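K.L.:
Can you build the whole structure from these sequences, using the hints too?
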Amino acid sequence: MTAYGALREAADAVWAPFERPTKTLIRVNLGTCSLVVGAQETLDAIRAAVQAGELDADVMATGCTGFCFAEPL
2 MTAYGALREA ADAVWAPFER PTKTLIRVNL GTCSLVVGAQ ETLDAIRAAV
52 QAGELDADVM ATGCTGFCFA EPL
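With the sequence shown counted from 1, adding 1 to any position gets you this note's numbering.
Calculated from the structure, these hints are not laboratory results.
Hints are supplied without guarantee of correctness; some may be wrong.
[Unchecked claim] Pairwise CB distance ranges (calculated): (1) A53 with T23: 17 to 23 Å; (2) V51 with A4: 38 to 44 Å; (3) L56 with T33: 23 to 29 Å; (4) E55 with M2: 43 to 49 Å; (5) V51 with M2: 35 to 41 Å; (6) T3 with A50: 44 to 50 Å.
As the structure is a computational prediction, the values presented were derived from the model and not from experiment.
Every residue gets a Cβ at the ideal spot worked out from N, C-alpha and C, and that includes glycine.
P.N.:
What follows is the structure in structure tokens.
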């Protein structure tokens with residue numbers, strides 16, 4: 002196998018879970034305007050529900066997504 006082929010194979014293996022996730026991914030925007038309207042509390046509640054076994058999901062905090070005009074989402 003070529004060096005490129007090996008690199009491509011390794012990259013594909015890392016990327017596969019993002020293309021075909023095994024469970025739901027919940028992203029919570031923690032940009033400034035989202036924090037003002039309760040995003041941190043929302044993230045904490047979602048993480049608590051996952052930890053308690055009420056939700057089967059991965060949770061990710063993100064930065065600003067550019068929807069400031071529509072807060073809260």
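K.L.:
Which of the numbered hints above does this structure break?
P.N.:
When the structure is compared with the hints, none of them turns out to be violated.
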